[in-house]
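Following the hints, complete the assembly by docking chains B, C and D with the ligands onto the known chain A.
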Amino acid sequence: MNVYADNAATTAVSKTALEAMLPCFQEVYGNPSSLHSPGQRAAEKLAAARDLFARRLNASPREITFTSGGSEADNQALRSAAALGARKGKKHIISTKFEHHAILHTLSALEKEGFTVTLLDIPPEGVVTAEQVRAALRTDTCLVSVMFANNEIGTIQPIGEIGAVCREAGVLFHTDAVQAAGHLPIDVEALQIDLLSLSAHKFHGPKGVGVLYARKGIPLVNVIYGGAQERGKRAGTENVPGICGAAAAFDEACEKMAEHQAYLTPLRDKLIAGLTAIPHTVLNGDAQRRLPGNVNVCFEGIEGESLLLLLDDRGVAASSGSACTSGSLDPSHVLLALGRPHEVAHGSLRLSLCEYNTPEEIDYLLAVLPEIVSYLRNMSPVWDELETGRRPHLI
Amino acid sequence: MNVYADNAATTAVSKTALEAMLPCFQEVYGNPSSLHSPGQRAAEKLAAARDLFARRLNASPREITFTSGGSEADNQALRSAAALGARKGKKHIISTKFEHHAILHTLSALEKEGFTVTLLDIPPEGVVTAEQVRAALRTDTCLVSVMFANNEIGTIQPIGEIGAVCREAGVLFHTDAVQAAGHLPIDVEALQIDLLSLSAHKFHGPKGVGVLYARKGIPLVNVIYGGAQERGKRAGTENVPGICGAAAAFDEACEKMAEHQAYLTPLRDKLIAGLTAIPHTVLNGDAQRRLPGNVNVCFEGIEGESLLLLLDDRGVAASSGSACTSGSLDPSHVLLALGRPHEVAHGSLRLSLCEYNTPEEIDYLLAVLPEIVSYLRNMSPVWDELETGRRPHLI
Amino acid sequence: MALYSEKVMDHFRNPRNVGKLEDADGIGEVGNAKCGDIMRMYIKVDPATNVITDVKFNTFGCGSAIATSSMATELIKGKPLSEALELSNKAVVEALDGLPAQKLHCSVLAEEAVRAAVRDYYDKNEIAYGDELRPCEGHCDTCGHEHA
Amino acid sequence: MALYSEKVMDHFRNPRNVGKLEDADGIGEVGNAKCGDIMRMYIKVDPATNVITDVKFNTFGCGSAIATSSMATELIKGKPLSEALELSNKAVVEALDGLPAQKLHCSVLAEEAVRAAVRDYYDKNEIAYGDELRPCEGHCDTCGHEHA
Ligand SMILES: Cc1ncc(COP(=O)(O)O)c(C=O)c1O
Ligand SMILES: Cc1ncc(COP(=O)(O)O)c(C=O)c1O
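Protein chains in written order, with our numbering: chain A, 1 to 395; chain B, 1 to 395; chain C, 1 to 148; chain D, 1 to 148.
None of these hints come from the bench; they were simulated from the model.
Note that this is a predicted model, so its numbers are computed, not measured.
Using N, Cα and C, we set each Cβ at its ideal position, and we do this for glycine too.
Careful, some of the hints might be misleading.
[What the hints assert, rightly or not] Not close to chain B: a few residues of chain C, all C-beta gaps over 12 angstroms, as computed:
#1 Asp23
#2 Lys124
#3 Glu132
[Stated by the list, open to error] Distance windows between CB atoms, simulated:
#4 C/Lys79 to B/Ala367: 39 to 47 angstroms
#5 B/Tyr356 to C/Tyr122: 57 to 65 angstroms
#6 B/Gly339 to C/Gly19: 46 to 54 angstroms
Isolated chain A, as found in the complex (with noise of 0.2 angstroms):
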């Protein structure tokens, strides 16, 4: 059996989207920035996508700006807003430990630029609070950047009482809705947001796509110098096809959320606890508040490599926190902010699901994990000391 349970790493591309795709490569494939009608045809197409977006978000289009993907939206983002603030001498932002690196390493470069971050500590159960950013909150603050849902545990952070906290403080508010978008409801009026990063591929959309969402009256600065698409603020002859397929993925994702979040909370609800019932298992970051396809958890005593390696064998495509393949021996950084130690921190596996993947897909998963686990246990020297009393048990 072959079960993909890595959506929050990218998933296929839903009939939807290449639906919407297709009669870009051949029939309307004009420059949207020509005047003649093969142009103008795509400017349409362009045009469609872009108030497709506004009105999923609750935001007018002028609002919407494509970019290549979610990490040049969050680069994109901080970047304005820390331009903006500079020119009223405000470089201080407020971030969170567990963003993404998008967001993370954007900061470093803001940092050596001469802006001061503050990152904030993740409480255990993976969810900051509207008080944690108040309490850090200065008076040179012009910028607060929290992510919608975390791309590893799945974690659903208090968005609307950050944005009113922000809002009340005149400080804009950037979120991160990667991992949100089309599987969260997200009203950036409502929850006062000010910029927002998505991108196409995380919900059956094209790779390749990313929106930046700006309240109107933010100036955005260029991250890509040259031609004038996207009002002068993002050049580079528009990915038609691609905007219009994550348009149409979009669209349907944000249709269809509850059907999914209905068909999902069980499978996810069954699969955790099916996994924290092995000995020594514990699932990372809050089990309600936590997206609908997400599951992480830790097993004592063993690597998420070598199991990821093994499932694979099995058919079963899934991710751990471990930046292994990265090059780094770091494990994931969300997790040690969740305040996991690290030999547990590395021993973690994200299952992430979406309306493809079936119930007998779950029942493989929680019949394959845990020989799959007993097996690396038996061969590491840690969980033997483990065993033997030579180590205490962390979990």
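Using the frame of chain A, we list chains B, C and D with the ligands on its own:
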């Protein structure tokens, strides 16, 4: 009859490219950074695409970085060379007056950051010389950036000669090959190119995919910060379908380059001969040293946009140097750099052909264009003054 | 094409009153070729009634320059000079069902062309007029600010 | 999976010599759980011939940590201690048909684990050894530099 003669703006995706993309949407849709088989299959496709670009450019795969398009590649090339220069105290950059805005606007940004930029004048035939570059070199020059072929007038620059001058002087050489790639042979070794940008949608690949070639040993700086994709130099989940389509399109374009050139050159020359037979019409750029598909003329006494609109009514998609649609009243900076007076530059027409265009289409263009030009001239007070001798003809 | 309204495209494709009036009573020319737009407007005036009995135009410029010229001539034809002078660029834009923001300057040019033609008629006939009818500076940047 | 060679995957999927030796003559443990890799190696030595007659390992770590442990045990089994001490991480990597660059440290750990087991045997049997057999510092960053 419908004639798409705006292939320099963008091209239709070829069958070959589309076929390379399709399997990546719903079958090989994994994230190439993922450890599991679906991810590794995507990683293999990515590696194959990288190998292909490397082979076709005579580079090595590690020298190839995928970006979201030509603009991003241009931005990253210039910023990387500038950062390297700055570290050595060299902050002078040489480029030309008729580069694409992706170059010119990035250079403006660099000027604000303390770099000095020399923009070379454009000789009347639209071809800068290696001598001009040599004469502009300073001891603090860190980078020379000269486009391979101009996007408006199609003139081909002496890249190998400029490469030799730069190599001799120990200065990095970048070329924006967005218009040349897939249309002219490119060997980064033979031409002594250090950095090169290209964009897939100019040779029947998809929009939203670019390539930055950077010679081994030239450290890239990030334009987009985040994940460790592209060896840490370009964050964001890779657009695998797009990249596969780009590689397939590039392979085909290189394979059939001579054939396309042999087919297009006579069509181009026929079009040039027919159009320049219209009185007071001039070809922009050298007649021989130009892209096989590029025709660019100025008609005195009329303005480009109305010409385009009337052409569009007759089914012809073309473009004008005039930047009418971008909200600027200025005529093309390229034609001004070439020495055309403002009033003449406004009346430009670019027809850019590809191998999909037919001889019948050329005949059709030659039938409709003289009519439209006459019609507009008859309506034009400028033409009236020219013909009644109150104004001297400029061409 | 989606850039322009149907009305604009109609006036661009089938411009009304194109041409010259060899025996014009007033001729106004505004814009300059450097900036890419020149409008020349010819009017014929009945001195008894001050009514514009005929009007023609020649325009060098983009689609909206041609369309606004055409519409402006339609709007002043058969009208007394006083009414023609009240023609605002806004009225031209509205009559055309709108113009893209970057093309509003064309409607300003059309307004100015009408005023220039009337001024020329006044000048030729030594009719005094006030400051409000001062000529457009003819420099495109001047017209860059929003009129509509 | 393309990340690893077939050889690596074979040793990962079917690791040779997994387990403990209850009556081991030498036990070496290197790495630490914080860094995500621990290898423990057990050897049985024939004191007459100085030959490693049996070897087992337990490993906590990634795929290549398991594979390099397995390969290292194969390479030293039946070999005299002197030869085992000459086992380089490079030899392990070559025997596995290569490792990704970021995984080379695993092969260093395997080399260190063998040396640690031999050292333990020497210590237990009060056999003197030189500086070149000094212990790995056990800190992953130390092993970060390229050995192969
Ligand atoms: C010469 C040149 N450079 C750069 C670009 C930018 O490429 P892209 O639109 O793919 O970002 C273009 C085309 O638009 C071009 O013609
Ligand atoms: C929370 C979060 N932010 C940003 C990104 C970056 O998105 P992309 O890879 O589309 O650039 C991702 C996914 O990779 C993510 O999960």
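Here is what the structure says about each hint:
1. Asp23: holds (16 angstroms)
2. Lys124: Fine: 19 angstroms to the nearest Cβ keeps C/Lys124 off the interface.
3. Glu132: Holds, since 26 angstroms exceeds 12 angstroms.
4. C/Lys79 to B/Ala367: 39 to 47 angstroms: holds (42 angstroms)
5. B/Tyr356 to C/Tyr122: 57 to 65 angstroms: 58 angstroms Cβ-Cβ, so the 57 to 65 angstroms window holds.
6. B/Gly339 to C/Gly19: 46 to 54 angstroms: Violated - the Cβ-Cβ distance for B/Gly339 and C/Gly19, about 34 angstroms, lies outside 46 to 54 angstroms.
Of the numbered hints stated above, the single one contradicted by the structure is hint 6.
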